[in-house]
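Protein chains: 4
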Amino acid sequence: MIIVMRPDAGEQAVQKVVEKLKKNGYQIHESRGVEKILIGAVGEKSDNVNMAIEALDGVEKVIPILAPYKLAGREFHREDTVIRVGELTIGGPQLQVMAGPCAVESREQLLEIAFMVKESGAKILRGGAYKPRTSPYAFQGMEEKGLEYLAEAREKTGLSIVTEVMDTRKVELVAQYADILQIGARNMQNFPLLKEVAKAKKPVLLKRGMAATIDEWLMAAEYIMLSGNHQVILCERGIRSFDDTYSRNVLDLSAVPILKQLTHLPVIVDPSHGTGKWPLVEPMARAAVAAGVDGLIIEVHTRPGEAICDGPQSIKPERLSNIIVEIGKIAAVMGRTL
Amino acid sequence: MIIVMRPDAGEQAVQKVVEKLKKNGYQIHESRGVEKILIGAVGEKSDNVNMAIEALDGVEKVIPILAPYKLAGREFHREDTVIRVGELTIGGPQLQVMAGPCAVESREQLLEIAFMVKESGAKILRGGAYKPRTSPYAFQGMEEKGLEYLAEAREKTGLSIVTEVMDTRKVELVAQYADILQIGARNMQNFPLLKEVAKAKKPVLLKRGMAATIDEWLMAAEYIMLSGNHQVILCERGIRSFDDTYSRNVLDLSAVPILKQLTHLPVIVDPSHGTGKWPLVEPMARAAVAAGVDGLIIEVHTRPGEAICDGPQSIKPERLSNIIVEIGKIAAVMGRTL
Amino acid sequence: MIIVMRPDAGEQAVQKVVEKLKKNGYQIHESRGVEKILIGAVGEKSDNVNMAIEALDGVEKVIPILAPYKLAGREFHREDTVIRVGELTIGGPQLQVMAGPCAVESREQLLEIAFMVKESGAKILRGGAYKPRTSPYAFQGMEEKGLEYLAEAREKTGLSIVTEVMDTRKVELVAQYADILQIGARNMQNFPLLKEVAKAKKPVLLKRGMAATIDEWLMAAEYIMLSGNHQVILCERGIRSFDDTYSRNVLDLSAVPILKQLTHLPVIVDPSHGTGKWPLVEPMARAAVAAGVDGLIIEVHTRPGEAICDGPQSIKPERLSNIIVEIGKIAAVMGRTL
Amino acid sequence: MIIVMRPDAGEQAVQKVVEKLKKNGYQIHESRGVEKILIGAVGEKSDNVNMAIEALDGVEKVIPILAPYKLAGREFHREDTVIRVGELTIGGPQLQVMAGPCAVESREQLLEIAFMVKESGAKILRGGAYKPRTSPYAFQGMEEKGLEYLAEAREKTGLSIVTEVMDTRKVELVAQYADILQIGARNMQNFPLLKEVAKAKKPVLLKRGMAATIDEWLMAAEYIMLSGNHQVILCERGIRSFDDTYSRNVLDLSAVPILKQLTHLPVIVDPSHGTGKWPLVEPMARAAVAAGVDGLIIEVHTRPGEAICDGPQSIKPERLSNIIVEIGKIAAVMGRTL
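Protein chains in written order, with this note's numbering: chain F, 1 to 338; chain B, 339 to 676; chain P, 677 to 1014; chain D, 1015 to 1352.
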């Protein structure tokens, strides 16, 4: 880390900083200029020390140098992580499409959509049994019943299942049904949940928080990994911006190549939540594949006008088939299969 | 709600929307112009219907009209809610200052700070036993031991206690020790936690999420209220912006008069997290009082340079005394006491 | 437009609004519910009336319905605008790549880069003679000398020229040299400049402001069009977000399909400014093409380490050739040529 | 500045950076750790060198250390700048209130409001003769006629005049009438205008851009100062955020104490544009004074419902009198006069 001292910091203040750093095992290199004194400190990063230094007298700012994530970072783990879900792989040459309704609404609804998802060529079924809804008056999900229907859909179609878990107390239950556990955007920094979900030993799909920086997102992955589960899939789903007139969020596709540099974990994109409007799903799905993504998660509903949630961003299953054809062509250009 | 139809929507599309609305108990008023058709729908608001309508063919957008929060809103509850914490009130004429360290670090640290907080004139002690830290390598809190020290500090000083709870499984435990349960910014939309905390029947301090709109924040309060606990204190703590060079967040003080219009719940401000820099705490505390706030929550540490967390934004106890004197003068201008 | 009255607005307030609307030529449709009164007003949109209504007693909010742009909008001009620059077209089946240095630094630098741009297959040369620099101490551009070098580069290579104009007093001069006049992000709402540039009767490349909404951007285009110049090219160049650690801006690619719905004007993307980092230029260029863009503008420098500006986001010319090959493959999938 | 090298940067890359820095007159201090090499470079700051270094091979990032503004910064100019406008001072112990209509609409309107502003105790009249409107269909201002009315109002009331200039070609004209030249938010980085306005030798009120960082804003002031005019007043007017439901912008009051640390220039606040809603003007005016501001600029209209622009955020003159009484009390607490 680098410590910049205020122009008016006295020698005593500088010495106090140096001492504290040395006590914490850092090697020190000072650079004294006309206006500023810089203290370079090389050693093991510790967040606690970092903030404590910033609070010392005379310190203008502390600039961290090392990436705060170790397990998620590519520096010590250069090859891509490939996650296995049954016979599928996520993060390998094959792109994976996850598709399904926002919420499991009924046995019939789910099975009907599941079969159409299967037919489209997608291999993973999404569907929420526990729904994080902004309003307490909105449908909160079918809960365990929904999980049972998902399991039935898997049995009948052979699709794998990804579904969200929101409560530490439900992780064990959801893990009994799901092939991939989803952490939603609102829970990206629900740290007890991250620790709990790690115990389930199933792949975790970690959505980016609505205003989470790339570093915060990778640190959330680090929580799961440090708790013993290295099977983390990162999912970009749009960030909050100043303009939501025509799209609910701004889908940050530059996060894809950035993450590919920083981390070995697979990266997928959710163009449905990322835009909130079904006409934008196809172009953004194509763009995500061209940006180098490992997969997509897409909301599908046979009757969007009757969907209990996220109707406006749900596409019809026939359109899903079309999207899969389209992105297949771009995947081919990228040297990927579908 | 108002439904705006696309210019090219046919008569059939209009009729389908009208039918669906009528089936859901809405009264309909159409306005047909040269370019657009508007459908005004008056009835009981339902989020589910709202989104389903938006997904129908020919619908350009759906504009909700009624505030989505009922219990938190001022429309049906005009007088201010005053929350009692022992002999204190929050939301009445007296402003309340909550102060203390970011984290409980040891028995000695907490007691030392608690006595100085007491002396400054503040009446509520803050201190984290469970800490939501961005890094899994950072100090995660003393947990139950920390709660015990908080209880001891209360006994010795007479201060009331506010402390954060992060996990549904810990709500009962934390509620045994705390006078006020804090929901942190990262958990504002942790809906299972909101429901669980409501059961504790203790006042809840609900911090605004880093990128939460005013409506989302009030809907989070609505979750707690609908679950049976109407004692919710709203706490503005800074929102994320494009510039964090000189302050960690942007403290949104206009939220104070806005909330005073929209809701009857008390509103407090956290100038420590709201800025992230101790020299900004005093001016922003003054400004918050001038904006009409019901209280403040401030981070204090006897040795910020050794604080395990949030040192840079922690003020020393002697400065707290000074701040309390300063805001007392502004409170007087506002017709409030301290 | 729709006027929502406050719950406590009396009959008199409603009548005053209705009268004012009628006086301005609107037809009125009222919807009276238990809690709210809605007034639907159908007529010719006027921004002035709109804001005046919102200031009347008892009015809660005014919701505009009609798109505020007429000339830029697709509603009254359904077919795509195709702009001619010499023998090139922008907005037709062929994608156009504009490439060149951030700034014209010298005759040699520009000619060297221009020939390499030519060789890569791009057909338009970019290069700044007047530079909008954040710092007054930074290089401000070679001014007219730079324009002369650009003209020479055109003559020698056959490339067309796009260059920025920042000052109303320079529009005539720059228009004598340039084939396309660029309005930079910082000047998107420099209205006198928009009006002046319209008079030049040359195509205008209008960059999106750093925090401009889609509507504001289209209204800026409307300024140029209303002043008599319909040859406007929209250029997405990244918007400001809360995270600039790994990219300078967030490139908003969903703006591309959104604009394709709303407007008939051509849309291009600037992956260099949009990310600020050269390793992100290629993946984002590919993604932009997959999102449906009509062209790209890319910063190129033979020696980025010696570039006077924007070195970190400039790619080397050999990489440009590679990018053009890569996006050519994606263009083919999209049914476009290069 | 500090240069962080990539972990895989070879010795040759390091040497190339060091050489380049030395050639530019920097002194070099290296810190070599296990994972990273840091190069501390102390010398005269140059933005050009800075960016060129970042583009060299092996460089991970360049961290600037010195504030980029010299003339605006407090480091070399510790005492507050006090600007004289006739007999008034801005930046001294007395707070100044500037008030008036958004736009000059007619002679009668302006004179009527001017007299009421005078009566309220404010000493400076605002009013736009050239209006930057989002829509080209909206009223663009009375232009020179408006300036004449402003001059007449000054003559009749003794108030000083602040009015906006948008075009380099009009600076001389506007400066003939105005006592203070206003640069609007949309033109904060209109660099030719900043240079031109500096020549007028009149105080400049520089509004913060909608998404401008503090540093960018101070650099805009630096443009004016470097061009020879040191009389710059900074005006916070709200920044763009993700939530504009209840306020048009977020008024960033923490900018006030931040600027007071960084610069010697006076700082004022515009609670009218900062919120966009008249009921928020008074509480935010109070808060601004409590935050330590040197003045306020407030939109006033005798008949907001008929105002050509900004009706919803305009207060009536009688309310202005009340606000001035209220902020006077807070000013007294702050040791300021009004």
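To be clear, the hints were calculated from the coordinates, so they are not data collected in a lab. It cannot be assumed that every hint is accurate.
[Stated by the list, open to error] Using 25 Å as the maximum straight-line C-alpha spacing, the simulated PhoX-like pairs for lysine-lysine come out as follows:
hint	chain 1	residue 1	chain 2	residue 2
1	P	K712	B	K408
2	P	K821	B	K399
3	D	K1075	F	K61
4	P	K712	B	K598
5	P	K737	D	K1291
6	P	K692	D	K1291
7	P	K992	P	K794
8	P	K1005	F	K329
9	F	K195	F	K118
10	F	K195	B	K360
11	P	K878	P	K953
12	D	K1209	F	K36
13	P	K712	P	K746
14	P	K712	D	K1291
15	P	K832	P	K794
16	F	K61	B	K654
17	F	K170	F	K195
18	D	K1274	F	K61
19	B	K408	D	K1291
20	D	K1291	F	K70
21	B	K654	F	K170
22	P	K821	D	K1274
23	D	K1291	F	K36
[Said to hold, decoys possible] If we take Cβ atoms under 8 Å as the criterion, some of the chain B residues that face chain P in the derived model are:
hint	residue
24	P345
25	S369
26	L376
27	L409
28	E413
29	H415
30	F580
31	T583
32	V671
33	R674
34	L676
Note that CB positions come from ideal geometry on N, CA and C, so glycine has one too.
Okay, the hints, checked on the actual structure:
1. Between the alpha carbons of P/K712 and B/K408 the distance comes to roughly 14 Å, so the proposed pair stays at or under 25 Å and holds.
2. Restraint check for P/K821 and B/K399: the C-alpha separation of about 52 Å exceeds 25 Å, so the hint is violated.
3. A C-alpha spacing of about 17 Å is found between D/K1075 and F/K61, which places the hinted pair at or below 25 Å, so the restraint holds.
4. In summary, the hint linking P/K712 to B/K598 is supported, as the alpha carbons are separated by about 21 Å, within the 25 Å threshold.
5. Pair hint P/K737 plus D/K1291 holds up; C-alpha atoms about 11 Å apart against a cutoff of 25 Å.
6. Of the pairs offered as hints, the one joining P/K692 and D/K1291 holds, with about 20 Å between alpha carbons and a cut-off of 25 Å not exceeded.
7. For the hint linking P/K992 to P/K794, the alpha-carbon distance of about 14 Å falls within 25 Å, and the restraint holds.
8. Between P/K1005 and F/K329 the CA atoms are separated by roughly 10 Å; this keeps the pair inside 25 Å, and the hint holds.
9. Between F/K195 and F/K118 the CA atoms are separated by roughly 33 Å; this puts the pair beyond 25 Å, and the hint is violated.
10. Simply put, F/K195 and B/K360 have alpha-carbon atoms about 47 Å apart, too far for the 25 Å limit, and the pair is violated.
11. For the hint linking P/K878 to P/K953, the alpha-carbon distance of about 31 Å lies beyond 25 Å, and the restraint is violated.
12. At roughly 31 Å between alpha-carbon atoms, D/K1209 and F/K36 are farther apart than 25 Å, so this suggested pair is violated.
13. For the hint pairing P/K712 with P/K746, the CA-to-CA distance comes to about 32 Å; that exceeds 25 Å, so the pair is violated.
14. For a cut-off of 25 Å, the pair hint linking P/K712 to D/K1291 stands: about 21 Å separates their Cα positions.
15. As the CA atoms of P/K832 and P/K794 are separated by approximately 10 Å, the hinted pair is consistent with the 25 Å bound.
16. A distance of roughly 19 Å separates the Cα atoms of F/K61 and B/K654; the hinted pair therefore holds under the 25 Å criterion.
17. For the suggested pair F/K170 and F/K195, the alpha carbons sit about 13 Å apart, so the restraint of at most 25 Å is met.
18. With a C-alpha separation of about 18 Å, the suggested pairing of D/K1274 with F/K61 holds against the 25 Å cut-off.
19. For a cut-off of 25 Å, the pair hint linking B/K408 to D/K1291 stands: about 24 Å separates their Cα positions.
20. Between D/K1291 and F/K70 the CA atoms are separated by roughly 48 Å; this puts the pair beyond 25 Å, and the hint is violated.
21. Between B/K654 and F/K170, the direct Cα distance comes to roughly 42 Å. Violation of the 25 Å bound is thereby established for this hinted pair.
22. Restraint check for P/K821 and D/K1274: not satisfied, since their Cα atoms lie roughly 42 Å apart, outside the 25 Å limit.
23. Restraint check for D/K1291 and F/K36: not satisfied, since their Cα atoms lie roughly 45 Å apart, outside the 25 Å limit.
24. Given the 8 Å rule on beta carbons, the hint for B/P345 holds: about 6 Å separates it from the nearest Cβ of chain P.
25. The beta carbon of B/S369 comes within 4 Å of a beta carbon in chain P, closer than 8 Å, and the hint placing it at the interface holds.
26. Proximity of B/L376 to chain P holds as hinted, the smallest CB-CB distance being about 5 Å (cut-off 8 Å).
27. Given the 8 Å rule on beta carbons, the hint for B/L409 is violated: about 15 Å separates it from the nearest Cβ of chain P.
28. Nearest Cβ of chain P to the Cβ of B/E413: about 6 Å, under the 8 Å cut. The hint holds.
29. Taken as an interface hint, B/H415 does not check out: its beta carbon lies about 13 Å from the nearest beta carbon of chain P, beyond 8 Å.
30. About 5 Å separates the beta-carbon of B/F580 from the nearest beta-carbon of chain P, less than 8 Å, and the hint is met.
31. Hint status for B/T583 relative to chain P: violated, with the closest Cβ pair at about 11 Å, above 8 Å.
32. The interface hint given for B/V671 is broken, as the beta carbon of that residue sits about 29 Å from the closest beta carbon of chain P, more than 8 Å.
33. Interface hint at B/R674: violated, since its Cβ lies 26 Å from the closest Cβ of chain P, which is beyond the 8 Å cut-off.
34. Because the smallest distance between the Cβ of B/L676 and any Cβ of chain P comes to about 33 Å, over 8 Å, the interface hint for this residue is violated.
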